[in-house]
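Trainee: Taken in order, these protein sequences are the chains called A, B, C, D, E and F. For the first sequence, the numbering used here assigns the number 8 to the initial residue and increments by one for each residue that follows. For the second sequence, the numbering used here assigns the number 8 to the initial residue and increments by one for each residue that follows. For the third sequence, the numbering used here assigns the number 8 to the initial residue and increments by one for each residue that follows. For the fourth sequence, the numbering used here assigns the number 8 to the initial residue and increments by one for each residue that follows. For the fifth sequence, the numbering used here assigns the number 8 to the initial residue and increments by one for each residue that follows. For the sixth sequence, the numbering used here assigns the number 8 to the initial residue and increments by one for each residue that follows.
One or more hints might be untrue.
The list treats identical chains as one, so a pair stands whether inside a single copy or across any two.
Stated by the list, open to error - Below, computed lysine to aspartate or glutamate pairings styled on EDC-like, alpha-carbon distance capped at 16 Å:
no., residue 1, residue 2
1, Lys-182, Asp-73
2, Lys-12, Asp-26
3, Lys-12, Asp-83
4, Lys-11, Asp-83
5, Lys-243, Glu-201
6, Lys-211, Glu-253
7, Lys-12, Glu-23
Hints in this document: simulated from the structure, not taken from any laboratory.
Protein chains: 6
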Amino acid sequence: MSFKKVDLSFQSCKSEYDDASVVIYSCPMDATTSYRPGTRFAGNAIRVDSFGIEWYSPYRDMSLKDYPTCDIGDLDLPIGAVEDALNVIYETTKQILKDNKKPMMIGGEHLVTLPVLQAVAEKYPDVHMIHLDAHTDLRDEFFGRKLSHATVIRRCFDVLGPGRIYQFGIRSGDKHEFEWAAAGNTFLRKFDFEGLAETIQKLKDKPVYITIDLDVLDPGVFPGTGTAEPGGMQYKDLLNAFDLFENLNNIVGADFVELNPYLDPSGASNAVAVKTLREMVLLLHR
Amino acid sequence: MSFKKVDLSFQSCKSEYDDASVVIYSCPMDATTSYRPGTRFAGNAIRVDSFGIEWYSPYRDMSLKDYPTCDIGDLDLPIGAVEDALNVIYETTKQILKDNKKPMMIGGEHLVTLPVLQAVAEKYPDVHMIHLDAHTDLRDEFFGRKLSHATVIRRCFDVLGPGRIYQFGIRSGDKHEFEWAAAGNTFLRKFDFEGLAETIQKLKDKPVYITIDLDVLDPGVFPGTGTAEPGGMQYKDLLNAFDLFENLNNIVGADFVELNPYLDPSGASNAVAVKTLREMVLLLHR
Amino acid sequence: MSFKKVDLSFQSCKSEYDDASVVIYSCPMDATTSYRPGTRFAGNAIRVDSFGIEWYSPYRDMSLKDYPTCDIGDLDLPIGAVEDALNVIYETTKQILKDNKKPMMIGGEHLVTLPVLQAVAEKYPDVHMIHLDAHTDLRDEFFGRKLSHATVIRRCFDVLGPGRIYQFGIRSGDKHEFEWAAAGNTFLRKFDFEGLAETIQKLKDKPVYITIDLDVLDPGVFPGTGTAEPGGMQYKDLLNAFDLFENLNNIVGADFVELNPYLDPSGASNAVAVKTLREMVLLLHR
Amino acid sequence: MSFKKVDLSFQSCKSEYDDASVVIYSCPMDATTSYRPGTRFAGNAIRVDSFGIEWYSPYRDMSLKDYPTCDIGDLDLPIGAVEDALNVIYETTKQILKDNKKPMMIGGEHLVTLPVLQAVAEKYPDVHMIHLDAHTDLRDEFFGRKLSHATVIRRCFDVLGPGRIYQFGIRSGDKHEFEWAAAGNTFLRKFDFEGLAETIQKLKDKPVYITIDLDVLDPGVFPGTGTAEPGGMQYKDLLNAFDLFENLNNIVGADFVELNPYLDPSGASNAVAVKTLREMVLLLHR
Amino acid sequence: MSFKKVDLSFQSCKSEYDDASVVIYSCPMDATTSYRPGTRFAGNAIRVDSFGIEWYSPYRDMSLKDYPTCDIGDLDLPIGAVEDALNVIYETTKQILKDNKKPMMIGGEHLVTLPVLQAVAEKYPDVHMIHLDAHTDLRDEFFGRKLSHATVIRRCFDVLGPGRIYQFGIRSGDKHEFEWAAAGNTFLRKFDFEGLAETIQKLKDKPVYITIDLDVLDPGVFPGTGTAEPGGMQYKDLLNAFDLFENLNNIVGADFVELNPYLDPSGASNAVAVKTLREMVLLLHR
Amino acid sequence: MSFKKVDLSFQSCKSEYDDASVVIYSCPMDATTSYRPGTRFAGNAIRVDSFGIEWYSPYRDMSLKDYPTCDIGDLDLPIGAVEDALNVIYETTKQILKDNKKPMMIGGEHLVTLPVLQAVAEKYPDVHMIHLDAHTDLRDEFFGRKLSHATVIRRCFDVLGPGRIYQFGIRSGDKHEFEWAAAGNTFLRKFDFEGLAETIQKLKDKPVYITIDLDVLDPGVFPGTGTAEPGGMQYKDLLNAFDLFENLNNIVGADFVELNPYLDPSGASNAVAVKTLREMVLLLHR
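From just these sequences and the hints, can you work out the full model?
Mentor: Below, the structure written as structure tokens:
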């Protein structure tokens, strides 16, 4: 008998880095959260609870165990130093992309999407972004700050330029954010996912990055998030979106953000995140 | 620098009483609750959690900050003295109406709707009532008492008379309550909101009072209530109802009741109430 | 005044055994649970919380108080001794059937369905089974064991043979389980209840046993279960299924399983189970 | 095999009423609670959780199974009708005493102690009362009411007269309450149980009634109560008090009150109440 | 009848600013928290829950209602901008001191003590500090940052110099922190409050600032804190410390920090903070 | 930059197996739990929450980072197959001992101590056992089973023989268990740790195995356990016991058991276990 150190990788994602084509990493940062913080604990909560899920997806007809994925865990982010932390995420993503692997990032608050998108856009200058969220996240500043969970998509816009961001499910924001989007800066679909099929048809041969703020789901389905916004999507709607994503021929990276595991001790919100991660990893492997 | 006393008014509802056209007040009473009490804490829970919501509603395209609303807080109700407490609510509402402001009341248990409706009916003798709820609340007595959360709509009927109350979403009650309604006393739609559009069309030029027992929502969406009744409405259904309410030309007052904040520590139920309050205040300001 | 011992039977199910035509019993066993155990506490949690529900069902237009039901409580099962415990359940069910009463069993983990089905099949050799669940439960072995919550429907198949089991709502399992079902062993509908009406039409004159794993519901509706599987059914879908079940002329027994009351302190999951029990008891009395 | 109706009596307290020398009953009333209500659910919570405790007490060297105790469950109290409810409790206690059994009452809020004490004082005019509590409960009125959880010991004083009530552990009240006690009306020991041994020596041959508000314990030990008051007693202190109570030769009845099971989902507060009930029942049997 | 805006000041602390001699303010900041954030919500949680406490303290024999205190609520702190936020706290405190009122500050994380101490030390250059805490907080840097909850007492030392800080109850820190203290920089008492009486005797005529990290209490007493450290003090020990503080003739300000209300839904931790605030406000008024 | 797989070893216990002198392993088994199961999740809960603790212990004046410890994680135990699972634990422990490392085991339910003790006793035939617990665990059978959490110390006695087991803090059990112990089979100290110093003096040069059921602590300190037993020890008492353990010259292995992380969402119980593990690992390294 010989023993190895504990391995708490996400369910069936136990490849070594060199062997993997998809790399999972989590970003324990919630420094700019304006309401209830705690998303920094999402990554490990998901790892521990992933033992409750099957490796086979009847939606994709694929199994996690058939595809090499490496889970490198929480990045080591300096507490409270927002820009330094974003830089660690940026450098990590850049290296993953350089090694010809696909990044699968887990937040943290939504601001952590920005450095991932920056690294992705350097490699794929023509990248487009699909954004599922309850919130616009299009402010130019929030409490005087350019870098915030509430400005993150605006900052992504600074990287990508107009017409490259497609937002769905949006049901909260300030009036000027909706107006700014409507001025042609982003495609913004209020309240639901209508138009997603058409968008995907249009982007099918482009490089696409997908970012999902899990609060796009109704708080009934996903109470474990800092800023619950009633009137959201059902999980079946998200599964339908994943089915549509199968038509994208070049998903170059993905993330989901804003699970706060302390807000839902029932574990149901963790289960939502765990299943979402399985489906997204499988989509990245197609 | 000069300091003022703490102001925990509901989000952006910080006008002085004299300047306001809508007045928010909460009624910390749950004395006749037959199952799990605690709704007395709803008002302040909503105030504190309202900081997590935007002042702008993309549903109404209106902002709370553009309309003068005063939040006068919890009324000072004598504990356990039901009739005295109801009288305080009645006198408060009467004064608000006399001052030509609209009452926006937050329960407490559902019985607190009765004195509000009484004051409203004195000012608007032709008032009609729209009632969204899981429960009939049509008993004539409950455990030997005339005044109870389970008899409140029957008592409102005593004030309004037949044909003036429209009930939707009802899925719990005793058999004789359904029969009594069906005998022409109230319009009662079981299980969902079908027929609401027609009702609103019919009442569009009448004075209308709206009372929402939040347990009309499914417990999945709104677990923070004393008597959860599975099989209810989604929050999107309620938002659709609010869209329909825009067609009412004379909403003279409104309330929602039965949030028990202790039953849902995730805060999701509070978020439902907070958003509902924003939408209802805006409807009253139209 | 004369006093009797405390009676905590399920709401309005207070007949003596000899007088009853339906018998409620709960099976406090969760020994083979692979994820979060605790379903052993479901029975008494339901009894205590049943005081929050009406005895009248507006769905069936029937009242519990009009039909004689006896609640015999938790069976006395040896802890950790799986086969002995299953035998107690089997013998109890056999006796209930011999006394010409209908069994209404409450789990516990899903494995407790097996001995009930065995006893039912002895009395009704032509019995068919309708199975609502998130999980296939069709493994032949699980961690080397033949008797497990993950193999229970396969074991029921060993009793009933091919073509007699109809599964709905299934969204989790290993690939080979779906393939084994598709090879003609069971009817398996993925993700929803489509086809249930046709199945019921086909089985309307057969003896039918109904087993419901409550995790067929979405975790948003029913978080109180050990292995939450997002993307499930709404409670209204389950109510619709109950309406369809009215067309079955010979329901010979029923159960529901997998409530873990400790995972949902809001009580909403208990309320789901309580209402489900009311509806199922009424269906058995038709 | 023959089946009986479910029996959820408190652990090993399953005698029939006629055979019992101690009678357990619970009073589901919290109508005058000024802070967080919910004590009405204490009785059944204790019954269900009592299965986690041994019947043998190493403190008393006695076993519940060796003494005949009957548990008659929750009394049927009219919701919200305080005086009627108190009367039901009074009549029940009177009958139990008339049948030469000892009453062991479980609250509910503290006001339910009053009718028990009244019935006890009728049978034992010389009865003295030992009162463990965080709160004085000596107000003459509370929010204009004579009958309240905050006036209950003052009302007991009205029955017993000066010098008959001994209060320990008191750490909260209004100034005038402490002064009123100090004027010779009651013996009041602030903050701890010092002097309890002397009191017991003094009362050893008197009829004594014991009432314990469990919030005398520190909220660290007993968080499941509506009005937590930090700085209280440890559970070992309460066990020491029970040891001292063994020196009382004529305990004529007892109660404990103010468990709110919903406020402590860990079950630790229920465990405190369960163990307390075991010890008190055994004391009554000595 | 005339209505005023909602007033949710802490229990009986409803004076206007100009009339008050003690000013309560809360600092909703937890940006440098290294473990579970959420202390930003402490202030309002305390306000709402203060209705459950008496205004009279039997420990001090004083009533809140007899002394003029103003509660100015949460300061308006920029989210995520640590230095800017500290500056707002500093300026606020300076003004309060200039107006000859005493500051009573509520955290937030412990770092918010620094700007208060700075303002206090400007007015009282000879100020000494008594520090009750589980943690040393003496690091010079934490994750590369000078300003952190883990460095706050070291930064206070930078202001006050050696021999002016007295730490009690410390049971967690890095080795070099204990050594640095022992080198004569601070007085540091490990594990308990021994020596506090002597310290107070020594400081009785000095200006003294008191800072209490509530995690000095055992997590059994106070689970609602981000970094629980078992083996702490009982609440009675803290009450004893307050009795000793009565011997200080010149308490010039005080704070307590690190309540995270979301981590203890029972409300017991809030009750600890509420009672602590009452006692500290009364001490400041002596 | 190069990436490694996620490492969620316990805080600072990241040595490879070959380099370590102490080996941590957790046993996810709760199959014979008679009340609330869930201890199977303790190991990973402790790993994730260990980031909240310092590596330095001011009690031992030692740091985890100075001693080589390997954490091999949860053993792979067959669900529900008690004897097979015990055998995996036995073989693992045997190998660790053969490799001249010390076993530090984390339960799971208490039965998992048996196979560890068996392996230890094979290597150290003269081993003695110190047992801290609320419960006797001395039954010969429990519900007809020889292998149970309630019989585990009796089974250890079968291995060790009379006079080799020292039990402290015991406050629950059946009468015959106390009598059997008192007949000279074990040393059993009821209620507290008195006599522990003398015991340690006696055993100081013997090989000693330490097993701690964390429910020896008061539920106020440690609510996260399945069978809470009020009246237990404070955490400071446990720390004092650890100080005494320093006088043992040959601790050959240790464990603690019965953390159920789901029962205490505040995380305070996890913190107790995390700190206990740090202290015990350091004791094993002395």
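Trainee: Taking the hints in turn, state whether each one holds.
Mentor: Results of checking the hints against the structure:
1. Lys-182 to Asp-73: Answer is between; shortest inter-copy Cα gap is 12 Å, intra-copy 47 Å.
2. Lys-12 to Asp-26: between (19 Å within a copy, 11 Å between copies)
3. Lys-12 to Asp-83: between (20 Å within a copy, 13 Å between copies)
4. Lys-11 to Asp-83: between (23 Å within a copy, 12 Å between copies)
5. Lys-243 to Glu-201: Intra 14 Å, inter 15 Å, cutoff 16 Å: intra and inter.
6. Lys-211 to Glu-253: For Lys-211 and Glu-253, the Cα distance is within 16 Å only inside one copy (9 Å; across copies 40 Å).
7. Lys-12 to Glu-23: Answer is both: 14 Å inside a copy and 6 Å across each meet the 16 Å cutoff.
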